[in-house]
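Asker: Single-letter residue listing:
There are 2 protein chains.
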Amino acid sequence: MSSSGQSEVKAVRQRVELRDVTLRDGLQLVSEFLPTERKLAVLRGLVDCNFTEIELTSFVPPRVIPQFADAADVVHAADVPPSVCLSVLVPNLKGAKLALEAGVGKINFVLSASEAHNLANVQKTTDQSLADFQAIATEMRAHGRDIHLSAGIATSFGCTIQGPVAEERVVEIAAQLVEAGAQEILLADTVGYGNPVQVNRLAGRVADVVGDVPLVGHFHDTRGLGLANIVAALDAGIGKLDVALGGLGGCPFAPGASGNVNAEDCIFMLESMGHPTGIDLKHLADVRKQLELWLPQERFTGSISRAGLPKTFQAA
Amino acid sequence: MSSSGQSEVKAVRQRVELRDVTLRDGLQLVSEFLPTERKLAVLRGLVDCNFTEIELTSFVPPRVIPQFADAADVVHAADVPPSVCLSVLVPNLKGAKLALEAGVGKINFVLSASEAHNLANVQKTTDQSLADFQAIATEMRAHGRDIHLSAGIATSFGCTIQGPVAEERVVEIAAQLVEAGAQEILLADTVGYGNPVQVNRLAGRVADVVGDVPLVGHFHDTRGLGLANIVAALDAGIGKLDVALGGLGGCPFAPGASGNVNAEDCIFMLESMGHPTGIDLKHLADVRKQLELWLPQERFTGSISRAGLPKTFQAA
Chain B
0 MSSSGQSEVK AVRQRVELRD VTLRDGLQLV SEFLPTERKL AVLRGLVDCN FTEIELTSFV
60 PPRVIPQFAD AADVVHAADV PPSVCLSVLV PNLKGAKLAL EAGVGKINFV LSASEAHNLA
120 NVQKTTDQSL ADFQAIATEM RAHGRDIHLS AGIATSFGCT IQGPVAEERV VEIAAQLVEA
180 GAQEILLADT VGYGNPVQVN RLAGRVADVV GDVPLVGHFH DTRGLGLANI VAALDAGIGK
240 LDVALGGLGG CPFAPGASGN VNAEDCIFML ESMGHPTGID LKHLADVRKQ LELWLPQERF
300 TGSISRAGLP KTFQAA
Chain P
0 MSSSGQSEVK AVRQRVELRD VTLRDGLQLV SEFLPTERKL AVLRGLVDCN FTEIELTSFV
60 PPRVIPQFAD AADVVHAADV PPSVCLSVLV PNLKGAKLAL EAGVGKINFV LSASEAHNLA
120 NVQKTTDQSL ADFQAIATEM RAHGRDIHLS AGIATSFGCT IQGPVAEERV VEIAAQLVEA
180 GAQEILLADT VGYGNPVQVN RLAGRVADVV GDVPLVGHFH DTRGLGLANI VAALDAGIGK
240 LDVALGGLGG CPFAPGASGN VNAEDCIFML ESMGHPTGID LKHLADVRKQ LELWLPQERF
300 TGSISRAGLP KTFQAA
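Quick mapping for you: the protein sequence lines, in order, are chains B and P. Sequential numbering from 0 applies to the first sequence in numbering that gives the first Met the number 0. Sequential numbering from 0 applies to the second sequence in numbering that gives the first Met the number 0.
Treat each hint with caution, since some may be false.
FRET-style restraints, in silico, Cβ to Cβ [said to hold, decoys possible]:
(1) GLU16(B) - PRO275(P): 44 to 50 Å
(2) GLU16(P) - VAL208(B): 37 to 43 Å
(3) PRO275(B) - GLU16(P): 45 to 51 Å
Cβ-to-Cβ under 10 Å is the rule here; a few derived chain B residues that face chain P [unchecked claim]:
(4) THR137
(5) ALA141
(6) VAL209
(7) ARG305
Listing some non-contacts, in silico: residues in chain B with all C-beta distances to chain P over 12 Å [claimed, not checked]:
(8) CYS158
(9) VAL177
(10) ARG222
(11) LYS239
(12) VAL260
Treat the hints as calculated values from the structure; they're not laboratory data. C-beta: ideal position from N, C-alpha, C; glycine also.
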């Protein structure tokens, strides 16, 4: 890090792109169904905050996650400016086909580097899910439309079911996903097991095998290291991150999984460090407040929402 | 950071020394008086956890902070192995004299780089407090006993009263404290305003002027950046950190100040990163639990206490 003055430091620091995952990962563990109209209101709020990508929903069987029973309705009703990329999560080929039918512009496939978690999540081995991804990529190409295809590797930093996940395996999966056509690779700390040294090292190793394909960091703050891990990921060259309002989130098939990195705190940190995010923090606080009123049973986290911004705060 | 395997990384990572400040900073905002016997029980618990330095109390006027009315009693009754350094905080010459009389082995003087905070805290300008420190150092030398003299700079990263604090001023104060005889310099983010870029830069600038005098980092997690700031401080060469059980803490004369960095989470992070701390995390959880029962009105924080250690956790 530079020892020069703060304004100079800010001038050279890179923009960090943030994807909001509130409506997908953020709602996964929420048992109460958030009505479609309210999901769309949150979407509009996020667009007004200037998010350039929003993960909108998940194409999973409604019996598995009832919260996303309205996935197609949400996609059909979503009305955003062309500058905003709406993406959806799919765990398999069937989900990808449904997403295609609904007319999405970006698909976020996810598999798990942990065999045990992948089996719990989609009843397939990781290799079977890799084959699924190849089939999805083929389907996309056949489809003709210009659809962006992203691939995420869950439990990249360890798993609450099986414990350790070999870094070699994560690197190998990343390389195979890129070879199969992934246009973006996401490294996910699904259960908050990662630490800054590990994140920096693994992100660097994966960067070495993915060529020009951009990396996304997806961190959970389950054990308090979310923001420290983000700094380590930035140091390794990751330039895009997932966040969720109020730190909502968690995977129903990863025992003990909890909140995503809190959007408000993450944006405060990045802007303070001199990384422009483009997000309107003041408006974001309003969107959070509204969602908090709609989900009174949920645990919303966040330091900025409690303590406020420093007097010294300046957006980058 | 190295791209080699984790065990190799761990082999070369430095030990980080932790000072527990639960009984001082941790109790400052606690309005209910914790009886002396219970303070001593916490001390014994911390010693059993292997802390090598424990900040025991504060020699301030009891009308200002009634919690420390028993400061001399606590020092007299404290019975620890010779390997454990007990230190006390003093804000002025009078406090230092009382601490000397009580027979402490280490004095932690503190002043504030923010004029406004220093005036609120001790009704003196920062320069008047610097003069106080020179008088304390003279008194120590006259006293003859080998007493370790540490000096802390509060609000080094900004102030809730005055806002910005010039980095040049912090650097200048650090140099003057060292010249006057400080054997340790502590940089404190009293109100949780610091961010990792700022912490790394200022710690580096201060390191440049203090020569061989070791630096200590004292971070508050008021705005969620405590652990990220610690990683940045380590990168700048800081090798000693303050922590408090359950993230207790805050300064009564710094509006909005809240919890210190949580001891359990910090130790989890450091050990995971390969930095040995020597602290027994399991026993620490018991000491925390006991204190939580004794202070039912207080807000104890912490992710590890809620989510538990990862299955993959290995102490360094």
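Asker: Cβ-Cβ distance between GLU16(B) and PRO275(P): within 44 to 50 Å?
Answerer: 37 Å, violated
Asker: Taking the minimum C-beta separation from CYS158(B) to chain P, is that value above 12 Å?
Answerer: Answer for CYS158(B): violated, closest chain P Cβ roughly 8 Å.
Asker: Is it the case that VAL260(B) keeps its Cβ farther than 12 Å from each residue Cβ in chain P?
Answerer: 10 Å, violated
Asker: Do the beta carbons of PRO275(B) and GLU16(P) sit within 45 to 51 Å of each other?
Answerer: The hinted range 45 to 51 Å is violated for PRO275(B) and GLU16(P), with Cβ atoms some 37 Å apart.
Asker: Any Cβ of chain P at or closer than 12 Å to VAL177(B), or is the non-interface label fine?
Answerer: About 19 Å separates VAL177(B) from the closest Cβ of chain P, which puts it past 12 Å; holds.
Asker: Please verify that the nearest CB of chain P lies beyond 12 Å from ARG222(B)'s CB.
Answerer: 5 Å, violated
Asker: With 10 Å as the cut and Cβ atoms as the points, is ALA141(B) at the interface with chain P?
Answerer: 39 Å, violated
Asker: Given THR137(B) as an interface hint, is its Cβ closer than 10 Å to any Cβ of chain P?
Answerer: 34 Å, violated
Asker: Minimum Cβ distance from ARG305(B) to chain P below 10 Å?
Answerer: With a closest approach of 9 Å, the ARG305(B) hint holds.
Asker: Report holds or violated for the interface hint on VAL209(B), using the least CB-CB distance to chain P and a cut-off of 10 Å.
Answerer: Hint on VAL209(B): violated, closest Cβ of chain P at ~15 Å, above 10 Å.
Asker: Falls inside 37 to 43 Å, the C-beta gap from GLU16(P) to VAL208(B)?
Answerer: Between GLU16(P) and VAL208(B), where Cβ atoms are some 38 Å apart, the hint holds.
Asker: Just want to verify: LYS239(B) was marked as not at the interface with chain P; is every Cβ pair farther apart than 12 Å?
Answerer: 18 Å, holds
Violated hints, in rising order: 1, 3, 4, 5, 6, 8, 10, 12; the structure is consistent with all others.
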